[in-house]
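K.L.:
Chain by chain, the residues:
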Amino acid sequence: MKISIETVEYVAGLARLNLSVEEKEMMASQMGDILGYMEKLNSLDTTGVKPLEHVEHMSNVFREDVVIDSFDRDKILANAPDKVDGAFRVPKIVD
Amino acid sequence: MDFKDFTIKAAASALRDKEISALELTEGFIKRIKNTDSKIDAFISVCFDSAVDDAKKAQTLIDNGSGDILTGIPMAVKDNMCTEGITTTCASHILENFIPPYSSTAVNNLRNRGAVLLGKLNLDEFAMGGSTENSYIKKTKNPWDIKRVPGGSSGGSAAAVASGQTVFALGSDTGGSIRQPASFCGVVGLKPTYGTVSRYGLVAFASSLDQIGPITKTVEDSAFVLNAISKKDKMDSTSVESGISDYSEGISEGVKGMKIGIPVQYLSQGVAPDVKNKVMDAINEYEKMGAKCIETSLELADYAIAAYYIISSAEASSNLARYDGIKYGYRSENFNNLLELYKNSRSEGFGAEVKRRIMLGTYVLSSGYYDAYYKKALQIRSLIKNEFDGLFEKYDCILGPTAPTTAYKIGDMADDPLEMYLGDVFTVSVNIAGLPAISIPCGLDKSGLPVGMQLIGKAFGEKTLLKAAYAYEQTHPFAIAPEVSV
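Chains A and B are the protein sequences, given in the same order. Each residue of the first sequence is one higher than the one before, starting from 17 at the first, in this note's numbering. Each residue of the second sequence is one higher than the one before, starting from 37 at the first, in this note's numbering.
Note that these hints are calculated values from the structure, not bench results. Errors might be hidden in some of the hints.
[Unchecked claim] Straight-line alpha carbon distances no greater than 20 angstroms define the calculated EDC-like cross-link-like pairs of lysine to aspartate or glutamate that follow: (1) K363(B) - D90(A); (2) K40(A) - E389(B); (3) K56(A) - D41(B); (4) K328(B) - E429(B); (5) K421(B) - E72(A); (6) K270(B) - D81(A); (7) K54(B) - D41(B).
[Said to hold, decoys possible] Some chain B residues close to chain A (C-beta under 7 angstroms, calculated; not the full set): (8) Y230; (9) G231; (10) I394; (11) I416; (12) M456.
Here a beta-carbon is modelled for each residue, glycine too, at the ideal position from N, C-alpha and C.
Let's have the full structure, built from the sequences with the hints guiding it.
P.N.:
Below, the structure is given as structure tokens:
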């Protein structure tokens, strides 16, 4: 299966990744191989088969609406790459 | 007894009979790690100071008679399980310095019983791979031949147990990541039924497939660890109460009358001759022990890999969207705006295989391709589960090789991702269907490398698997890897 460089660039954009020229070429070729292999699934007729998202028979799981202790703010912020005044700091997003 | 030979059962008995103290036991393993890990490279980080403290506390429990079989037993866990105050890297650059503010439930359950954490073990980055070569941190070697891979993604866990650096370890299994390295390293690896073990604190790869499980030297040890970690957890709404209080109960009952299905597909598709022969020998052994081994068919076996890589990559692309350089993890220094911060942090922070999975997952979920790939894969997941359900109406378990080959040389598969994926042919269907499976050693190939066989059971059928594995193990006792010269 052929995957174009444009497709790779489009998908990389959705995935928030930058790829170098070499990476794009490699990705196009490898994704082509892998997705080509996956086409074998088309030889199985799945008309009317219900998709199985999860092996468990799940229903909503509820808990009592009670206030419980959460993490200490400083402990959570300890891993932040950048922080200020008890908050995560990010680049300006509104002009 | 030499430290490297200690099973949980033997160590617990030595502790109880005061032949050794918990501190001596832990210090013995610390020394072994120091002496061997420059060759094996199984550990990403060690926590020897807290291990010594934990061992002392464990001794108090043993002395006042309130300990259980895991009290004072040294362990190590795969570095994708959160440990409060101890780095949890997922063998990645993006989480290289991440120190979790909480511990995973599975690790807590073991430590609450007095098990002593020695350190964190290497893996393929974010558990994506089958050789542990995708680790950003280091390459783990197979203790049976250090030119070879230990398998993956729980390669550090399997290598550490096989080389006697720890009594047991935890791994995680999304498509074979406990069983295949256990097979390559000659140890016992159990992937429990989905939901048996809480995933809280396990860094998510593919949430509908991920499951934590034990890597041990013996089958009985596997049951002891499962006893401690199988529990419904309010922090993981997919965890369930299995209703089994003691997995080791009845383990020695034997296999007389047990019906074992042998899918023809599992002994044809490119299986190495030595692997096939050893599994055939094991089938004969089961017949001798009174089990009925019956040839059967898993028609959909051939479609499992394609379905698995669609589902797992889709879930991974979604789960790994959280690594954006804001709240924790690596942040790029090069950015002028928020979008550049995201993109550069992720591009510099993720390795090649992780990027490939994110790209594949994003592609199969993207508009226009969703039905053709993702929905199709979920429909095939339905069919695979139904096929297994049908087999378990006739058989108590299913037997075959764990992997088509024994451990290969480091670097041999590194250039061809698809070929690497195809090595998961016998393990992925189990995760797709949420079933339990165990890999146990069944001899050595001509190069002296361990061969593993896999027993698959019906959902919550762990006790049947453990019973069958235990019976075989009595005829082929565990052998530790040859001593690595340092």
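K.L.:
The structure should be examined with respect to each hint, and the outcome stated for every one.
P.N.:
Hints, verified against the model:
no.	hint	in the structure
1	K363(B) - D90(A)	holds, 12 angstroms
2	K40(A) - E389(B)	holds, 14 angstroms
3	K56(A) - D41(B)	violated, 47 angstroms
4	K328(B) - E429(B)	holds, 15 angstroms
5	K421(B) - E72(A)	holds, 11 angstroms
6	K270(B) - D81(A)	holds, 14 angstroms
7	K54(B) - D41(B)	holds, 18 angstroms
8	Y230	holds, 5 angstroms
9	G231	holds, 6 angstroms
10	I394	holds, 5 angstroms
11	I416	holds, 6 angstroms
12	M456	violated, 11 angstroms
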